[in-house]
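Participant: Position one of the sequence shown corresponds to residue 1 (the UniProt record's numbering), numbered consecutively onward.
There may be inaccurate statements among the hints.
[As the list claims (entries may be wrong)] Listed next, the in silico EDC-like pairs over lysine to aspartate or glutamate satisfying Cα-Cα at most 16 Å (straight line):
(1) Lys91 / Glu36
(2) Lys107 / Asp46
(3) Lys85 / Glu1
(4) Lys69 / Glu36
(5) Lys106 / Asp42
(6) Lys106 / Glu1
(7) Lys64 / Glu100
(8) Lys91 / Asp9
(9) Lys5 / Glu100
(10) Lys5 / Glu36
(11) Lys79 / Asp46
(12) Lys69 / Asp42
It is worth saying that the hints were derived from the structure and are not from the lab.
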Amino acid sequence: ENIPKNSEDALLKAVANQPVSVAIDAGGMDMQFYSEGVFTGDCGTDLDHGVAAVGYGTTTDGTKYWIVKNSWGEEWGEKGYIRMKRGVSAKEGLCGIAMEASYPIKKSSTDPSSSDDWFSSK
């Protein structure tokens, strides 16, 4: 299921229910050398990396953030995760996090496209 583009509110509603696949601009040095804290670094919207938004929170000083699972191993960031600032002024979200988001949905067992026969007929 695709989440409406450029809507952190829609992304928030989806992440409240399950992990969401998102694309981000991860090409910048700030992202690549992130180690801890809420990321507010320099990045654009040239989407080049897939990650999973798995949660969200707010720091004690009121900074809102996304909890994002990366694939670069546990040595990167906060044991393989990054907290990215949420609620930024850009409609795309920080590093384009709200531009291309989606999550899987289960088809009903009566839907012909969910049966094994569907695969053999293609």
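Participant: With reference to the structure, classify each hint as holding or not holding.
Facilitator: Evaluated hints:
Annotation: proposed proximity of Lys91 to Glu36 is violated, straight-line Cα distance about 25 Å (limit 16 Å). Of the pairs offered as hints, the one joining Lys107 and Asp46 is violated, with about 32 Å between alpha carbons and a cut-off of 16 Å exceeded. With a C-alpha separation of about 24 Å, the suggested pairing of Lys85 with Glu1 is violated against the 16 Å cut-off. Straight-line distance between C-alpha atoms of Lys69 and Glu36 comes to about 13 Å, which keeps the hinted pair within the 16 Å bound.
A distance of roughly 37 Å separates the Cα atoms of Lys106 and Asp42; the hinted pair therefore is violated under the 16 Å criterion. Under the criterion of a C-alpha separation no larger than 16 Å, the hint pairing Lys106 with Glu1 is consistent with the structure, at around 10 Å. Among the hinted pairs, Lys64 with Glu100 is inconsistent with the structure: their alpha-carbon atoms are about 20 Å apart, more than 16 Å. Simply put, Lys91 and Asp9 have alpha-carbon atoms about 10 Å apart, close enough for the 16 Å limit, and the pair holds.
Taken as a hint, the Lys5 and Glu100 pair is honoured in the structure, with Cα atoms around 6 Å apart against an allowance of 16 Å. For the hint linking Lys5 to Glu36, the alpha-carbon distance of about 28 Å lies beyond 16 Å, and the restraint is violated. Distance hint between Lys79 and Asp46 is unfulfilled; the C-alpha atoms sit about 25 Å from each other, more than 16 Å. With a C-alpha separation of about 19 Å, the suggested pair Lys69 and Asp42 falls outside the 16 Å cut-off, and the hint is violated.
In summary, the structure is inconsistent with hints 1, 2, 3, 5, 7, 10, 11, 12 from the numbered list given earlier, while agreeing with the others.
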